[in-house]
Structures are given as structure tokens and as C-alpha cells.
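Please arrange chain B on chain A, whose structure you already have, making use of the hints.
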Amino acid sequence: MTITEPAPFTTEPLSDDRLHQLVSALRPVLDDDQILLAKTDRYNRARVPAPFPVHRWSERVPDVVVMPRTTEQVAAVVRIANDLRIPVVPRDGGTGLTDGAVPMRRGIVVDVKKMNQIHELDLVNRTVTVGTGISMLKLNERLAQHGLFYPDDPASYPCSLVGGRIGTSGWSLIGSRYGHTRDLVLSFDHVLPTGEVLHVGDGIGGKISKSSSGYQLKHLFMGHQGTLGIATKATLKLFPKPEAELSPFWAFDNYENAHACTGALARAGVATFAGAVLFDEHKVAYLRRDDEAYIPQPADVRALVCSVMYGYEDEVRAGGKRLFRIAKEHGARYLGDEISEGDWAARHDRYATPLHGRTKDGQVIPMSWHCEDAAVNFSNVPAVSRAWHKILADLRRKTDVFDDWGMFAYTSAATGVDYLTEIDVGIWEQRLDDAAWAAWVQAKREIAAVALAHGGSMSACHGSCREGEVDLLPQELGKGFDVMLDVKRALDPNNIMNPGKYLLDRAYGRDTTDEGR
Amino acid sequence: MRDVDQEQDPGPAATAPYRFADQHTPPAAQRVSEVARTTFEHVYEVDPRLMEVHVLQQVFPNWDTLRIMRSRQDHLEWMHHHFAEKVVTGSELLAEVERESAPTPPPL
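Going line by line, the protein sequences match chains A and B. When we follow numbering that gives the first Met the number 0, the leftmost residue of the first sequence carries the number 0, and every step to the right adds one. When we follow numbering that gives the first Met the number 0, the leftmost residue of the second sequence carries the number 0, and every step to the right adds one.
With the rest of the complex left out, here is chain B:
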């Protein structure tokens, strides 16, 4: 495993050419906690040492790993749109609240 601070590979685009060897060679994993690691950016896996007895870890080709991860994002975006026309971003409101609560500078 590599250090956690290194930049991670977002993975090939869905339209990238298919190469068998490439598909079965995930990027080197980075440890993110005592029990989890990442391969591609935003793709988390259970530490394989914890999947040796009752459930064995399966090998997915990279395209399938990325498909699952991106499909989930599609699903979440669909769900937002299903429930409301738009999403108000919390960080925007927080910035307004912080700005409004900041002490007013004394008049010059």
C-alpha cells in the first residue's frame, strides 16, 4: 500500500479502450483507516485481511468497479431531482451565516 496523501487515480473514462490486462490491474491501494483502503478515488474497500474466513474478496475488473461507483452518483443525483427541482448548498448558507455573524469593523 502507498501513503494516504498521494494523489489518487480517478480511473479511465467510460469510453476508454478496453485492455484486459489493464482492467485486471487496479491502482495500488492506499490505507485510509484500520479496516479500509481505497484503490481509485472515492472507491473504498474493506481491508482484504478481514475477508479471509467467511467472505472472500472478489476481483472486479476496473471498468465494473468504476461503473458501480459512478452509477451510485447517478442514482443520488436522480433522487435529488425526483424530490425537488434544485438543491440548496449548505456551504453557501454557512458562508452567509459566518459573514453575518462576523464583527462589524469600526467606522473609519
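Chain A with its partners taken away, still in its complex shape:
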């Protein structure tokens, strides 16, 4: 790759002349404090939580960061980018695990955090319309004053933003009760790659939750990882703030019983059931090593299950007793109130957890957390778990850079049909050299292949556009991948919107799959 490449394909910074041209074009649209050029401002927007070799961070630094306040300003910035053929990358909380917010071809990062207003609260129809730069935590603080609640609950709950949840089509911990982001977002304003503004929802959009009018476009503009534009203002469905929460954790002396119990809890049809989580033997071993709640647990605790319920207290008590009976039938041992309540409360905020791993001889090393996810049917969770741990074991035999931190399987839906299955991996980033990175990318590819081989999807939550798994996207989608390319080319004729993701360069006759490897 050289600087003679057309802008959307080069990874080189803009030349001084091009940068001057861009900034001059932005000045009439944005105030000075909305155009950030300082190295710190730009490097801070290159960071995401997914581990990446430190010596390569400088490859992903944007040329300019802008912080618009309105949809009109976003549209104007995108029009300028499209006219000048400069890449533009939306960034919300920057908490994603598949590099959606990473400016792989540099250009302009549009940071939406100044668009964090609550535009309208409709108490009668139970909706709120917000700027997409607001976090769910801050939104819910305001909604609580009215006894209301927006139940989109990722593990990054305090720091991820509504717009990022739309761009990822995120998964929620309590989605089995309330639905996931795609179910909770009714409609939104969306800036297309040409700078035109689209309002998208079911039919007319607005506050309509179900329409059969026309194509169902809302899902197309969710989960695209910023490759089809930027959501700026969204109308969300609201619920009463729950009166009561129950989150029992149970211990098992074997994985098989824990797995069976998880399925039985999910299939029970309890209306207040918001989710169940299965912890496998590797996860329990990891927690017993380093988590204060689990260090004292006896050796016969080999798997765990937690379930969570939200609703009115009388409903939660009745449903909770039913779940306790089911757990008892499967040989569960209740872990006690302190662990049950404390561990569940901590699940809303996993990004704040300081982490460390171990070398093979047990010495503590600083590690970053990463997790690979997939959507897997209940019956296939054990086989996928075994295969994934084998991949991690092979990796760890080669190097101490990687540590297997075990697996969770979370219900995705009230009926228990499929599970967000994730393997947590500690990565020693200071030692993540090119060889270790290549081994990790290969492991990611193998992890994704296992999910597909078992009839699953490569991702239930994060997206699948990072190196490794993205190679298998055409395999997963089949003819659907060709449709993706057609849609991309139709909506983004100049490939300026978040280029380099999801193999979409192929829509423009370029195969850059191995770029940067």
C-alpha cells in the first residue's frame, strides 16, 4: 500500500495540503472547539478495548476528530468527507470488541458525545427521544425520576452509548425479558454516506413499534459497524422501572447438570425471567484463582448458573420460587445472598474490572481482557465449549501471552433457543508481537469456524468485522454477503464510510483482506 492509492484505500495520514483543505472546509460548519487536531485528542480516539499490538497503534490514528452537536452538523461533515473522498468513522463509547470505531484508513472520526440531549420524553406513549451520544446509565438516571427504565444492559452499561448500540445492534444481559437493542430502538435519524438524512424505523418510523409498510429497513441500519452511516437521534421504547430484582447463583459439581439446569430455567416460561448464565469449569477455576467471591468456594464447585428476574415484587417472588424448585431438581446448591447479589450487580460494569493473568508457572502478569462471542443453540453449547477450550489450550502451549479465562453462555431469548456463548481470554499486550498477533488472529478464525460448524453465528453481540473471524463472513452469509456488497456500493458510492471493515472493499473491486497482516 502506498500513498498513491485513492484515499479510501490508503492507510497513510493525509498530506498537509489535504489536511488544510479538509479543515478549511469544516470551519464554516463547526466551531473551533468542535474540530480537534491535537495528537492527544486523535490518539485517544484510536483506542478501543480489544487488544491490539502496541507497536501498531499509530497505524490507526485519525487525521481529524470532530464533535458535532446536531444531525445537520453530522450531515455537513459527511458531505464534506464524501466530496473530498476522505474516510469518516463514527465513534460513540468506543467500547466495541470488533474494532467498529477504529479508523483503519484514518480520516475523520465523528465523536458523537456532544449529542447527548434528551429531546422528548413522552410519558403517555412511553417513549424517549435522545441524541445518540447519551449513555444508558445517564438516561436511566433521568428516567428514574418518572419511574421509567430503558433496559438495554450490556457489560459496558456505564460507558457505551445509544448510538454505538445501534451501530452494533447490541445484545443485552436482560434481553430475555425486554429484548435487545433492535427491539428497544423504535426509530432513528441516520446520516447516509452521501450526507443525506434518513429517518428509519418500522414504516413511517417515529413511535411506531410494528408496521408492515414497505421494506423493513431498520435492521439494515443497525449492526453495520458504522459502514452505512451515523445514527444521530433515536426514539426508544420505555418500561416501568422494576420494583424488584432477584439474581440467585447456584453451584453444581458437574458441567452437565449445570447446562441442563440452564436450559430448564430458560424453558420454564416465567414471565419475569430476564436471563440465565452458565459458567463452565474453566470459568470457575479462573474465578477461584482470582475473584474474592469465589476463592473460598470448595473444590466440588465445578460449574455455576445464575438467573435473574425483574418485575413487580409479587411476580418476582412467585417466579423465583419456581426457578428455585427447578434448580433443586437439577442438583443445584444455592451460593448465598452475598455472592448472588454482588456478582449480578457487578455484571453491568465489566469494563471497570482491573485484570491480571498468570504465566504457566503461576506468576502474575498484567493482562487485558478480550472475549470472543458467538450465537449457539442450547444443544450445541457443550460441544462448542470443548472445541474453543482446545483452541485456547493449543495457543497457550505456545506462549504465555494468552490465558484461558473460561466461558459463559447467556440466554439470548426467553425460550432458551440460543445463547450468547463467549470465551474470555487474557492477553499480555506488552508481549503481543507480530508472531503472537498472527497466532491470535488464526485462533479467532478457528473459534469462528467452530461456531459455524455447529450451526451458530460468529457473533451474537460484538459483530464480526475484526481480523480473523471476518474472513468467514462470506461463508456465514452465503449469497447474503453479495447483497451486502451491493447495498454498500449503492449507499456509499465512494467507500468513505468506515472503509476497511467487513471485507466491503470487495464492493469496489478491491480485495484488501490481508491488508496490514
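Note that these hints are calculated values from the structure, not bench results. Some hints could be false.
Unchecked claim - Cut-off 20 Å, straight-line C-alpha distance, at most; resulting in silico cross-link-like pairs (SDA-like, lysine to any residue):
| no. | chain 1 | residue 1 | chain 2 | residue 2 |
| --- | --- | --- | --- | --- |
| 1 | A | K359 | B | V45 |
| 2 | A | K38 | A | E58 |
| 3 | A | K320 | B | V45 |
| 4 | A | K137 | B | H80 |
What the hints assert, rightly or not - Just so you have them, the derived chain A footprint on chain B, three or more residues with Cβ under 8 Å:
| no. | segment |
| --- | --- |
| 5 | 10 to 22 |
| 6 | 52 to 64 |
| 7 | 83 to 96 |
Said to hold, decoys possible - On the chain B side, residues computed to face chain A include the following (Cβ under 8 Å):
| no. | residue |
| --- | --- |
| 8 | V45 |
| 9 | L49 |
| 10 | H79 |
| 11 | T103 |
| 12 | L107 |
Fair warning: this is a prediction, and the values are worked out from it, not measured in the lab. Using N, Cα and C, we set each Cβ at its ideal position, and we do this for glycine too.
Frame of chain A, contents of chain B only:
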């Protein structure tokens, strides 16, 4: 290290007077597993023998150790209240389930 069964020190209250020497003298550690130990009640540490090569163990004054531990409890309580008005206690439901499933004594 002491035996694990001994009572542990919950630590001075947050309002206790500050004494430098006291602050830098944690209670004797108790081993709780092959790789972990406790100093104050509910305060767990990695066994220092496992933090000698790549990451060295830091010395915290007692007030800071206890502040971190108590802040975490505050955070968890805040999070419960943020998501629901109250928490239903599992042990209470379990007791009801056990009571209801116990065999009914024969009539006298």
C-alpha cells in the same frame, strides 16, 4: 501467616484517627487458597510469592485498602438501586421452597 479459622479484623472505621505506623502495618495475613490470602475481612490478595517477577506487589496504607473494598460495596448497592427499587433475597425464597416441599406430618 495465621490459621484460616481465626477471626479477622474488619479494620478501623473510616473516621478513626490517622496514625502513620498503624496505617502501614496490615493485620497478619491468613492463607485462604493455594494462591490467595486475606488481610482484613473480605480483603483478598494474591500470594506475594506469585508477584515477584513481572508485577511487584504494591504496599497500600490500610485506609486505602479499606476505602477500595468499601467503595466497591457502595458501587454494588448503587447498581442494585439503579436497576430496581428493591432486591428480593434468594435465601428467603429458598426457605419457602424447602418449607413447602417438606413432608407434611401425619395428622395427630
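Going through the hints against the structure:
{"no.": "1", "hint": "A/K359 / B/V45", "result": "16 Å, holds"}
{"no.": "2", "hint": "A/K38 / A/E58", "result": "13 Å, holds"}
{"no.": "3", "hint": "A/K320 / B/V45", "result": "38 Å, violated"}
{"no.": "4", "hint": "A/K137 / B/H80", "result": "14 Å, holds"}
{"no.": "5", "hint": "10 to 22", "result": "violated (count 0)"}
{"no.": "6", "hint": "52 to 64", "result": "holds (count 3)"}
{"no.": "7", "hint": "83 to 96", "result": "holds (count 12)"}
{"no.": "8", "hint": "V45", "result": "6 Å, holds"}
{"no.": "9", "hint": "L49", "result": "5 Å, holds"}
{"no.": "10", "hint": "H79", "result": "5 Å, holds"}
{"no.": "11", "hint": "T103", "result": "17 Å, violated"}
{"no.": "12", "hint": "L107", "result": "29 Å, violated"}
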